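Student: On the provided structure of chain Z, position chain E as indicated by the hints.
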Amino acid sequence: MAGVMEHVLGNEVGRLIVGLIVVLIFSQLNALFLVWLERKVAGHIQLRIGPKEVGPFGLLQTIVDGLKLVGKELITPKRADKILFIIAPVLVFVPVLVPFIVLPFSKSLPLNDMNVGLLVIFSFSTINVLAILIGGWGSNNKYALLGAIRSVAQNIAYEIPLLLSVLSVVLMTKTLQMSKIVEAQSSYWFFLVQPIAALTYFICATAETNRAPFDIPEAESELVAGFHTEFSGMRFGLFFLAEYTNVFVVCAVATTLFLGGWTGPFGYSLGIPGIIWFLAKTYLLVFVIMWFRWTFPRLRFDQLISFSWKVLIPLALANLIITAGVIKLI
Amino acid sequence: MSGGVLSQGFLPQLAFIVIVGLTFCGAIIAVFHRNILYNVLGLALALSGVAGLYVFLGSLFIGLMQLLIYVGAICIAMVFAIMLSRPVHLPKPKRKLSKVGASVFAGLLILGVNLGVIYKTAWEPAAERKIDWSVKTIGDFLLTKYVLVFEVISLVLLVAMLGAIIISRYNGRVSS
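Residue numbers (our numbering), protein chains in the order written: chain Z, 1 to 330; chain E, 1 to 176.
The following block holds chain E by itself, in its conformation from the complex:
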């Protein structure tokens, strides 16, 4: 499943460094650039890098799905939304303290949960792949062992959709 080039000698090292470098560059652009379109493109770069990491880890399937869904669908939807919203070159509204506080709180919460999970997990180095992570195995797991997770994720998407509808309707009422 893993690309043959990635499994011999010096090349894997180089490929890994390039992929991680791309991911970090993308992430930095996504967070720090002043132009919102660049932010999204940086995000697309970072997500492509993550797709590369999946390929590097031996699952071409998940890497391609990452590319198809995150870069192909989500980033494009974001850019699309930006193009339909107010022009980028207009003066931006001032930051509200409450908004900054809320986002800092949300960020810290996510960071805390992730750190908690990371410290609670007993990490053991994976010497070799135990199971073949092919499309078939992933499909089997999604519909048997991880079916609850799979369904909960779909619920998250539903909530996101509802949120989008509410936000867009709310803005419409204010402006009219």
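Extracted from the complex, chain Z is given alone in its bound form:
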């Protein structure tokens, strides 16, 4: 398969275009699958069975839901800021596609294995926050604005420990290139030597994607639907797509950084191709994030912020310093 791809994707522009199409299709399918999975997981955790009518195991349910969303009217509130209201859903969805350029699905599959791969992911993930802000502010709705403000406060707070925990892995591998980080884990996975960083990363990733128990930006019981209250039809659909794609991306990054990417445990690939390993680990993490949502109650806003500033940041900093010290000593 790799040989055929090399042939078709001979020149760089062709590779980019084909890659873009594949990424667009994949992100849609992934979101459809994750919505279905979430409803199934939620159902089984709450002793229900979830969707089951449309298609086998209800697999086609989200496609039908998606079609319904596409068919709905796009309502723009009268007092909303028209320009911002329209660009916000687009701006929220575009940056979450960028990480797919560098995600190392298997040894030969990163679209462009840049030497600043990790940085690409984190620099574009912040634009997402800006888009949420624009959407919340442009809606001219108090719930949307409150949701947006909370989202930003939370993202600013959790971005720091997230980057700090990633830095300790970067210190160990001395590279920002995704494929090299994976190759450095060919004998053992990094969550074994960096458990604190792995845990910090995973908590912060859950917060960055606004997932429960950190879902105060869209807390249904107090804010209607948070920053996307006023969005209808496919504009709302884009926020939804972005959220689920984002969940996939943070789990894929966690897989790359701490779970050895495409490699098998302790270097034994067991004859399973790398991409399967990668996707299996990523979806396992996605499942854990969903499991979180239906297990933990939502945090209060002040608890959430002080947890980041008083616990996670000192912990991640200490971990980083210890990592640096150990590397210097060895």
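Everything labelled a hint here was simulated from the structure, so no lab data went into it.
Just so it is clear, the structure is predicted and the values come from calculations on it, not from any experiment.
Please note that the accuracy of each hint is not assured.
Stated by the list, open to error - Listed next, the in silico DSSO-like pairs over lysine-lysine satisfying Cα-Cα at most 30 angstroms (straight line):
hint, chain 1, residue 1, chain 2, residue 2
1, Z, 107, Z, 52
2, Z, 180, Z, 328
3, Z, 52, Z, 40
4, Z, 72, Z, 40
5, Z, 180, Z, 78
6, Z, 174, E, 136
7, Z, 180, Z, 82
8, Z, 174, Z, 107
9, Z, 72, Z, 82
10, Z, 68, Z, 78
11, Z, 142, E, 94
12, Z, 68, Z, 52
13, E, 136, Z, 180
14, Z, 142, Z, 72
15, E, 94, Z, 328
16, E, 94, Z, 82
17, E, 145, Z, 328
18, Z, 174, Z, 68
19, Z, 174, E, 94
20, E, 136, Z, 107
Tutor: Chain E in isolation, oriented as in the chain Z frame:
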């Protein structure tokens, strides 16, 4: 390091024009628009354009750092501050002559210093990149040759933080 697409034929020209156009549009929105939120978003656009220029000049690393720090952190902090301050649609206080004068003075000062530096520098066209501006080189320079500049910049940030604290405390005392 530079993107492969940017190094062949007609595309670099087009990319350069688009990037510069975006930067200028952003800058104009940032200065002239009446709505303060649009100003910040224009600034974000201009800074993204500058990031594009860095990528165009061959340092993807600096471009991404620009995006991460200026667009991702600083612009978001600004928008955040705007949302927490008084509503935009309320009537704005009248401009004070002293404030306008001070800002004109500050602007002229910065312009003068920049122009001075520009005219004093003996510009020579860079035919090709002499050193590889990769992450490693930049890191080496920051901790050896330019370590003083690096430290002074951190001092500037400290001053900015102190200023923010003083301003916010001062306002609090007046209103209560």
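Student: None of the hints should be skipped; say for each whether it holds.
Tutor: Results of checking the hints against the structure:
1. 107(Z) / 52(Z): Given that 30 angstroms is the threshold and the Cα spacing comes to 37 angstroms, the pair is violated.
2. 180(Z) / 328(Z): holds (20 angstroms)
3. 52(Z) / 40(Z): Holds, at about 9 angstroms.
4. 72(Z) / 40(Z): holds (25 angstroms)
5. 180(Z) / 78(Z): Not satisfied, since the Cα-Cα distance of roughly 52 angstroms exceeds 30 angstroms.
6. 174(Z) / 136(E): holds (10 angstroms)
7. 180(Z) / 82(Z): Measuring from Cα to Cα gives roughly 45 angstroms; hence the hint is violated.
8. 174(Z) / 107(Z): holds (19 angstroms)
9. 72(Z) / 82(Z): With a Cα-Cα distance of about 19 angstroms, the restraint between residue 72(Z) and residue 82(Z) holds, given a limit of 30 angstroms.
10. 68(Z) / 78(Z): Answer holds: residue 68(Z) to residue 78(Z) is near 24 angstroms, not above 30 angstroms.
11. 142(Z) / 94(E): Given pair residue 142(Z), residue 94(E) holds - Cα atoms ~28 angstroms apart, limit 30 angstroms.
12. 68(Z) / 52(Z): Distance of about 18 angstroms is within 30 angstroms: holds.
13. 136(E) / 180(Z): holds (16 angstroms)
14. 142(Z) / 72(Z): holds (24 angstroms)
15. 94(E) / 328(Z): violated (59 angstroms)
16. 94(E) / 82(Z): holds (28 angstroms)
17. 145(E) / 328(Z): The given pair, whose Cα atoms are some 22 angstroms apart, holds under the 30 angstroms limit.
18. 174(Z) / 68(Z): violated (48 angstroms)
19. 174(Z) / 94(E): violated (54 angstroms)
20. 136(E) / 107(Z): holds (24 angstroms)
Checked against the numbered hints given earlier, the structure breaks hints 1, 5, 7, 15, 18 and 19 and satisfies all the rest.
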